[in-house]
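Asker: Here the protein sequences line up with chains A and B, keeping their order.
Under the numbering used here, the first sequence is numbered contiguously, ending at residue 430.
Under the numbering used here, the second sequence is numbered contiguously, ending at residue 249.
Hints are computed from structural coordinates only; laboratory data are not their basis.
A few of these clues could be false.
To be verified - Derived DSS-like pairs (lysine-lysine); straight-line CA-CA distance at most 25 Å:
#1 B:Lys186 <-> B:Lys150
#2 B:Lys179 <-> A:Lys427
#3 A:Lys427 <-> B:Lys176
#4 B:Lys186 <-> A:Lys399
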Amino acid sequence: GQSLEQPSEVTAVEGAIVQINCTYQTSGFYGLSWYQQHDGGAPTFLSYNALDGLEETGRFSSFLSRSDSYGYLLLQELQMKDSASYFCAVRDRGSGTYKYIFGTGTRLKVLA
Amino acid sequence: EAGVTQFPSHSVIEKGQTVTLRCDPISGHDNLYWYRRVMGKEIKFLLHFVKESKQDESGMPNNRFLAERTGGTYSTLKVQPAELEDSGVYFCASSQSLGGVEQYFGPGTRLTVT
Numbered sequence: 319g320q321s322l323e324q325p326s327e328v329t330a331v332e333g334a335i336v337q338i339n340c341t342y343q344t345s346g347f348y349g350l351s352w353y354q355q356h357d358g359g360a361p362t363f364l365s366y367n368a369l370d371g372l373e374e375t376g377r378f379s380s381f382l383s384r385s386d387s388y389g390y391l392l393l394q395e396l397q398m399k400d401s402a403s404y405f406c407a408v409r410d411r412g413s414g415t416y417k418y419i420f421g422t423g424t425r426l427k428v429l430a
Numbered sequence: 136e137a138g139v140t141q142f143p144s145h146s147v148i149e150k151g152q153t154v155t156l157r158c159d160p161i162s163g164h165d166n167l168y169w170y171r172r173v174m175g176k177e178i179k180f181l182l183h184f185v186k187e188s189k190q191d192e193s194g195m196p197n198n199r200f201l202a203e204r205t206g207g208t209y210s211t212l213k214v215q216p217a218e219l220e221d222s223g224v225y226f227c228a229s230s231q232s233l234g235g236v237e238q239y240f241g242p243g244t245r246l247t248v249t
């Protein structure tokens, strides 16, 4: 079957670094995306990894290891506004067309 | 550039009634996706349009759900008749045609079936 696992909740303080892990099991893996969603808002795209390694975009970085079916999102210099839910999503081509399979989301709470 | 819009933002209906959700994707985006999130669970894929064609509707729960995208522009998702378990937030997302890995999500429609 197809599944993604990520922690349900993470808490950290302002200025800290936090890592949100994601492990996946899919049949036609193409890449791993990360999305941020504030309460009541729309998910917004953060990053996409198709190849192994680290991609850095400002305070956020995303890592992928295809051999381990594992990725993570790293948030540095945490700010209060980073409090949100973070979803990993696999871009899958198991049935011949691209489909995105999302995890259940990790709720990040940033404390002052 | 206008983002993805959805209408209505909220809908409360009784079991057995019909509801139609609408999504207007970003202009020029051929790919349109429907998702649903039930509280605390994953954002679950429902179906994928490329222009007016259904590419993948493997996530549609059952035949009470009907999605259309006439003319390859906006899309509608009709639930008829609605059941209690259909409650959740329905998101629409669009992306560009070639290599478009970034999906642009709409604000969602919160559907409550009582």
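Asker: For every hint, state whether the structure bears it out.
Answerer: Do the hints match the structure? See the list:
Distance hint between B:Lys186 and B:Lys150 is unfulfilled; the C-alpha atoms sit about 32 Å from each other, more than 25 Å. The hinted pair formed by B:Lys179 and A:Lys427 meets the criterion: a straight-line CA distance of about 24 Å does not exceed 25 Å. Proximity of A:Lys427 to B:Lys176 is assessed by CA-CA distance (about 18 Å); at most 25 Å being required, the pair is judged to hold. For the suggested pair B:Lys186 and A:Lys399, the alpha carbons sit about 36 Å apart, so the restraint of at most 25 Å is broken.
This entry does not satisfy hints 1 and 4, going by the numbered hints stated previously.
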